[in-house]
Each structure stands twice: as structure tokens, then as C-alpha cells.
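Following the hints, complete the assembly by docking chain B onto the known chain A.
In the order they appear, the protein sequences are chains A and B.
In the numbering used here, each residue carries its 1-based index in the first sequence increased by 6.
In the numbering used here, each residue carries its 1-based index in the second sequence increased by 397.
Source of the hints: derived by calculation from the structure; they are not laboratory data.
Treat each hint with caution, since some may be false.
Keeping only pairs whose Cα atoms sit at most 25 Å apart, straight-line, the calculated DMTMM-like set for lysine to aspartate or glutamate is [what the hints assert, rightly or not]:
no.: 1; chain 1: A; residue 1: Lys45; chain 2: A; residue 2: Asp103
no.: 2; chain 1: B; residue 1: Lys405; chain 2: A; residue 2: Asp93
no.: 3; chain 1: A; residue 1: Lys217; chain 2: B; residue 2: Glu435
no.: 4; chain 1: A; residue 1: Lys129; chain 2: B; residue 2: Asp442
no.: 5; chain 1: A; residue 1: Lys209; chain 2: B; residue 2: Glu460
no.: 6; chain 1: A; residue 1: Lys45; chain 2: A; residue 2: Asp104
no.: 7; chain 1: B; residue 1: Lys405; chain 2: B; residue 2: Glu460
no.: 8; chain 1: A; residue 1: Lys217; chain 2: A; residue 2: Glu159
no.: 9; chain 1: A; residue 1: Lys126; chain 2: A; residue 2: Asp93
no.: 10; chain 1: A; residue 1: Lys209; chain 2: B; residue 2: Asp422
no.: 11; chain 1: A; residue 1: Lys129; chain 2: A; residue 2: Glu89
no.: 12; chain 1: A; residue 1: Lys126; chain 2: A; residue 2: Asp85
no.: 13; chain 1: B; residue 1: Lys405; chain 2: A; residue 2: Glu140
no.: 14; chain 1: B; residue 1: Lys405; chain 2: A; residue 2: Asp155
no.: 15; chain 1: B; residue 1: Lys405; chain 2: A; residue 2: Asp213
no.: 16; chain 1: B; residue 1: Lys405; chain 2: A; residue 2: Glu173
no.: 17; chain 1: A; residue 1: Lys217; chain 2: A; residue 2: Asp230
no.: 18; chain 1: A; residue 1: Lys209; chain 2: A; residue 2: Glu198
no.: 19; chain 1: A; residue 1: Lys209; chain 2: B; residue 2: Asp472
no.: 20; chain 1: B; residue 1: Lys405; chain 2: A; residue 2: Glu224
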Amino acid sequence: MSAASAATVRLVEPVSPLPTLTPALDAESRDWLQSLRAKDATGQEAIARLHALLLRAARFEVARRRPTLPHLRVDEPEDIATEAADDALMSVLRRLDDFRGASRFTTWAYKFALLEAAVKLRKRAWQGREVPLEPEGWGAFSSAGLEPDAEAEQGELLETLQSAIAEVLTPHQRRVLVALALNGVPIDVLAERLNTNRGALYKTLHDARRKLRTHLQERGLALDTWLEEY
Amino acid sequence: MTERPDLKQALGRLLGPAGPEVGCDECFEQLDRYVELELAGQDADAAIPGLRAHLAGCPACREEHESLRALVGGDQLL
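With the rest of the complex left out, here is chain A (with noise of 0.2 Å):
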């Protein structure tokens, strides 16, 4: 697919605007919005069907994530699963209108319940457990039995990355990168704590990123020789 015939996306960094496509609706889709919108016992079917959709959804996401949450009761599972399912269901009553038809609705309506499954899930993990907003995941960065030009070569990037965290970036930079690229914490985790939501929180650790890139390239670090990039 050509550029041109693109939908429009909003990026982080700004880039020129394509064209949004409206594609159809294919007719099961259709079928679904007609039902939902109805205002008689067609429409409570729908949204029974749709509830039932969603917490299918949400299990199916609860099971995926389950062998990382071995403290759970014997309940959480399923208790985690129902509240996501309505949630979802809640959310996606109140943005019918947003469908456009570029996916199936079923797909559409997917997202809501896994989105409120795994938020759940990753808050659930981190209950009562403090949020480290100081380095304590540089371990990562140490690799042992290097050749002595490697270990020096690594020492001065962790060095001047080490430096660049303290000296370049805001304080709440400093914070939001720490936390969730460093010492791990789920993104919604941070953001609960800090009274904020997952899309400005990755604005600023989008910027914290490219000042920290800008000034390790600044000092001729070569970065695609550590790095895959995307």
C-alpha cells in the first residue's frame, strides 16, 4: 500500500497528514451496530451477546497473563475478568459511533476488554508494592567476561548515559524514564501513582529518549552498533 492511500495516524513527532480511508462495513458488522442501537429487545439481546464477547475477551487475556500472577486468590481471575468485560462494555456503548468500519467489530470491541483486562492485571501485580523512581536496574547494562576494549567501550557509554539521565533531562523526565525503562514499571502502574494516563506519560518518556539519543550522538557515540533499530 502506497503512502498516499494511508490512513491518517497522529505520530509523536509530527510527519505530513494522510488521506483517512472509510472503508464499508461488512455485513456482520453492520448487523452488529443496527442491533445495538436498537431501542427494543433486539438491543438487549445485542448487548448481552456483546457483554459475552467482551468477557471472552477478557479471560482469554486473564489466562495469557495468569502464569505471571501466581498470587492471585482462586477468584482474582475471574472477578478481574467480569469487571474488564464491563468495563468494556461501557466503554464500547460510548464510543459506537467512533466505529468506521476499518476492522471487523468484533476486532474493534476486542481491544476494549483486553486493554481492561491487562491494565487490571498490571495495577493487580503491583498492589502494595512501591514504585522505584531511582535507578536500580543498571545490572543490565554490566555483561561479564568482556575482551578489555569492549568493557571499555561500554564503561563510556553507561558513563555518559549515566551522566546525560542526571544532567539533560528535566526532573520528571528523569522519574518517568527511570521507572518504566529501567526498573520496569508498568507504564498504567506509573500512571495511577503519579495522577496521570499512559499517553502523556509516553510523550514525556518519548522525549526524555530522543534527548538522551541526541546527546550520546552529540559525543560520537555510535548507537546503531548497540542497538536494532526500528
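Relative to the frame of chain A, chain B by itself:
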């Protein structure tokens, strides 16, 4: 240079993707279409520029992409 996968991953988390990327809100808006294009074997990255880079830089959105792809992909096998 000695291969250091842990260091590469740690630096990747710290410095994020190099190219332009969408934000989390835009990623959520486009995720359903992106997944269907992927599953249909079409060029989702050309259709929705910046989303793949965002998935590389945002673990939460990446997890949700993986889940939606697995769920919808599983449905298609039924």
C-alpha cells in the same frame, strides 16, 4: 564487538525506537485495523506508519497487540 543481547535489550528499553512513532492513544485507535492487516498478510506497517516503532518502544501496547493478534488469529482458525 562481543555480542551482548542483554545490553542491547536494556539500551533499547532506555533509548526507544529511532524512527517516528505514534503515541499510545493513536496506537489503540489503529490497533484493530493493524492486526487485521497483519493477519491478512498485508503490509500493515506501510498502511499505518509509526505503529510498529511504537510497539517496539511501549511494552504495554506491545502486550495488547500480541493479545489481540492471538485472539483474532485464533478466531479465524475456528
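Query - Broken hints, by number - result: Hints 2, 3, 4 and 19 not satisfied by this model.
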